[in-house]
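Engineer: Taken in sequence, the protein lines are chains A and B.
By numbering that gives the first Met the number 0, the letter at position 187 of the first sequence is numbered 186, and the numbering carries on one by one without gaps.
By numbering that gives the first Met the number 0, the letter at position 190 of the second sequence is numbered 189, and the numbering carries on one by one without gaps.
Each hint should be verified, as a subset may be incorrect.
Where chains are identical, the list cannot tell them apart; a pair therefore holds if satisfied intra-copy or between any two copies.
Pairs of lysine-lysine, DSBU-like flavour, derived with a Cα cap of 30 Å [said to hold, decoys possible]: (1) K18 x K169; (2) K169 x K38; (3) K18 x K96; (4) K161 x K18; (5) K240 x K18; (6) K161 x K96; (7) K240 x K96; (8) K18 x K199; (9) K96 x K253; (10) K9 x K240; (11) K38 x K96; (12) K286 x K38; (13) K169 x K240.
FYI, nobody ran anything at the bench for these hints, they're computed from the structure.
Protein chains: 2
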Amino acid sequence: MADKKQNIEKELLSYLPQKDEWIGNLVSSMEYSLTAGGKRVRPMLVMEFARLCGGSEEAAMPFACALEMIHTYSLIHDDLPCMDNDDLRRGKPTNHKVYGEACALLAGSGLLTLAFEAASSGRAVELNGTEKCLQAVKVLAESAGAQGMLGGQIIDLESEGKQVSVDHLKVMDAKKTGALIIAAAKLGCISAGATEEQMKAAVCYAENIGLAFQIVDDMLDVTSSTEELGKPVGSDSENEKSTYAALLGIDACKQISEELTDRAVESLSVFENDTTTLRNFAYYLLKREN
Amino acid sequence: MADKKQNIEKELLSYLPQKDEWIGNLVSSMEYSLTAGGKRVRPMLVMEFARLCGGSEEAAMPFACALEMIHTYSLIHDDLPCMDNDDLRRGKPTNHKVYGEACALLAGSGLLTLAFEAASSGRAVELNGTEKCLQAVKVLAESAGAQGMLGGQIIDLESEGKQVSVDHLKVMDAKKTGALIIAAAKLGCISAGATEEQMKAAVCYAENIGLAFQIVDDMLDVTSSTEELGKPVGSDSENEKSTYAALLGIDACKQISEELTDRAVESLSVFENDTTTLRNFAYYLLKREN
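Modelling step: build the complete structure from the supplied sequences, incorporating the hints.
Structural biologist: So, in structure tokens, the structure goes:
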């Protein structure tokens with residue numbers, strides 16, 4: 000898995016333009032966040048589903064990178080003063096703390112735009128053909144847009160300081176974090192030319208680990224330390240945010256996230272290829288400490 | 000031309016998602032800026048070049064809308080407090096003045112993302128085929144990205160308060176405003192399946208009116224009134240911005256913008272179809288008062 004992560008990180012950078020005298024700082028700022036670490040959950044899923052459906056990881060890689068760029072853009076913009084106003088991300092100063100707000104704004108938009116360059120790049124077309132690349136563009140745009148991730152972010156904004164229900168949180172998270180994780184499953188399937196049954200199972204896996212992921216995130220904000228997490232803990236309760244942890248308690252959260260993970264793993268039964276990696280991945284996300 | 004504008008404005012809105020209880024404010028905020036007027040220069044160019052190269056305006060429309068969405072997103076983000084901090088745009092309060100900074104940030108990103116949905120939409124594919132849609136995605140992403148418009152914006156930011164040369168302004172504007180105008184020409188040609196010679200002439204036209212457009216913009220900031228312009232005049236000199244008007248003087252600017260317009264019009268000679276509209280359009284942009 001470490002090898003794959005390294006491959007992803009190498010290819011991610013390959014899409015960045017040259018740092019010339021004109022746009023050098025913008026490109027550096029984009030690179031700063033692209034290389035700031037992270038678990039690379041989404042690109043890993045893209046490539047693993049591609050493999051599972053009989054495709055190649057190499058072919059899925061441009062789509063995997065595109066999705067990670069979109070995820071990274073969302074983190075940069077999320078951290079901005081007008082959003083969460085965070086100073087730390089993965090233990091490092093946030094993009095705007097290093098490059099200033101204006102540059103961070105542009106860098107985020109730059110990565111969102113670069114995602115579509117990657118998905119329509121010569122490399123992507125050579126490995127996947129035009130049809131699949133355009134399907135990938137469509138999935139990327141829909142999952143990142145107002146009905147997907149951005150929709151989740153506006154719900155999140157409008158929920159600030161309000162007590163909301165668990166069902167409300169579920170709708171929000173299905174968009175805010177779920178949409179990109181489901182996109183990961185779909186992109187892998189698209190690259191591999193998966194059957195409808197495989198696509199359905201992949202989306203089911205993604206939906207379940209997506210929600211589990213968010214519930215675990217909420218728990219970590221309560222149970223982890225700032226050092227482990229790479230960002231301040233307790234920020235949710237400090238911001239009076241409704242979370243699964245606050246609404247249901249840690250024990251129920253543990254149980255639900257385990258059930259969701261089991262359900263995700265069960266959905267893998269339709270695949271003929273070895274599903275060990277995705278099974279382990281689901282449990283790794285459940286047991287992670289940051 | 001008024002008819003065409005109306006068609007564009009109607010189709011632009013057709014790509015917006017439903018305003019449901021969850022994402023209603025985000026969609027309203029996107030709609031607010033999409034319907035805030037403007038000359039619709041870029042979509043008009045897309046459709047006119049499509050027609051000129053033997054294509055249909057209808058087929059070019061999804062690409063025209065995509066480009067206008069990208070232009071609109073750039074205005075929303077440009078007006079944000081961390082960028083130009085403008086309160087007025089086309090005589091109306093800017094997006095963040097109405098919806099707040101966070102929502103405006105998301106609405107801008109939402110429009111950028113929606114552009115790629117439009118270019119990969121069922122409608123776009125039905126009218127243009129997969130190949131041309133993917134080419135359009137590529138042109139949109141490259142022209143809006145770090146090597147295009149965003150690159151121009153970072154140059155602009157880094158030039159603030161500095162005295163820069165006319166050549167510096169030209170590099171900046173070729174990216175900041177030129178890239179999307181050139182994209183307009185290319186998108187029209189792509190939709191129509193233009194020849195290489197046609198594409199070259201279209202890009203030449205776009206480059207020349209693009210620069211002329213910017214020079215006229217600078218002049219209007221000096222010579223127009225706030226009422227005519229729909230935004231405060233004199234803001235460039237107030238912000239100590241280097242402009243063509245400041246560096247070259249109004250008379251030289253007039254002459255250069257006329258020469259550029261003539262050159263643009265000359266490049267139309269390769270087209271067999273009637274070029275009256277594009278000729279008039281170039282002179283309209285030159286003579287405009289806002």
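Engineer: Each hint: holds or not?
Structural biologist: Each hint, compared with the structure:
Taking CA atoms no more than 30 Å apart as the test, K18 paired with K169 passes between copies only; the shortest distance there is 19 Å, against 41 Å inside one copy. Within a single copy, K169 and K38 get their C-alpha atoms as close as 23 Å, which meets the 30 Å cut-off; across copies the closest is 42 Å, which misses it. In this assembly of identical chains, K18 and K96 lie within 30 Å of each other by CA distance solely inside one copy; the values are 21 Å within and 35 Å between copies. For a Cα distance limit of 30 Å, the shortest separation of K161 from K18 across copies, 21 Å, qualifies, whereas the shortest one inside one copy, 44 Å, does not.
With identical chains, the CA atoms of K240 and K18 are at most 30 Å apart between copies only, with a shortest distance of 25 Å across copies and 40 Å within one. In this assembly of identical chains, K161 and K96 lie within 30 Å of each other by CA distance both inside one copy and across copies; the values are 29 Å within and 23 Å between. Taking the closest pair of Cα atoms, K240 and K96 come within 30 Å of each other both inside a single copy (24 Å) and across two copies (26 Å). Taking CA atoms no more than 30 Å apart as the test, K18 paired with K199 passes between copies only; the shortest distance there is 28 Å, against 42 Å inside one copy.
Proximity of K96 to K253 under the C-alpha cut-off of 30 Å is found in neither arrangement, the shortest distances being 35 Å within a copy and 43 Å between copies. Taking the shortest Cα distances, K9 and K240 never come within 30 Å of each other, neither inside one copy (37 Å) nor across copies (40 Å). Taking the shortest Cα distances, K38 and K96 sit within 30 Å of each other inside one copy (22 Å), while across copies they are farther apart (37 Å). Taking the shortest alpha-carbon separations for K286 and K38, only the intra-copy value of 13 Å comes in at or below 30 Å, while the best inter-copy value is 55 Å.
Taking the shortest alpha-carbon separations for K169 and K240, only the intra-copy value of 14 Å comes in at or below 30 Å, while the best inter-copy value is 48 Å.
Hints 9, 10 from the earlier list are contradicted by this structure; the remaining hints agree with it.
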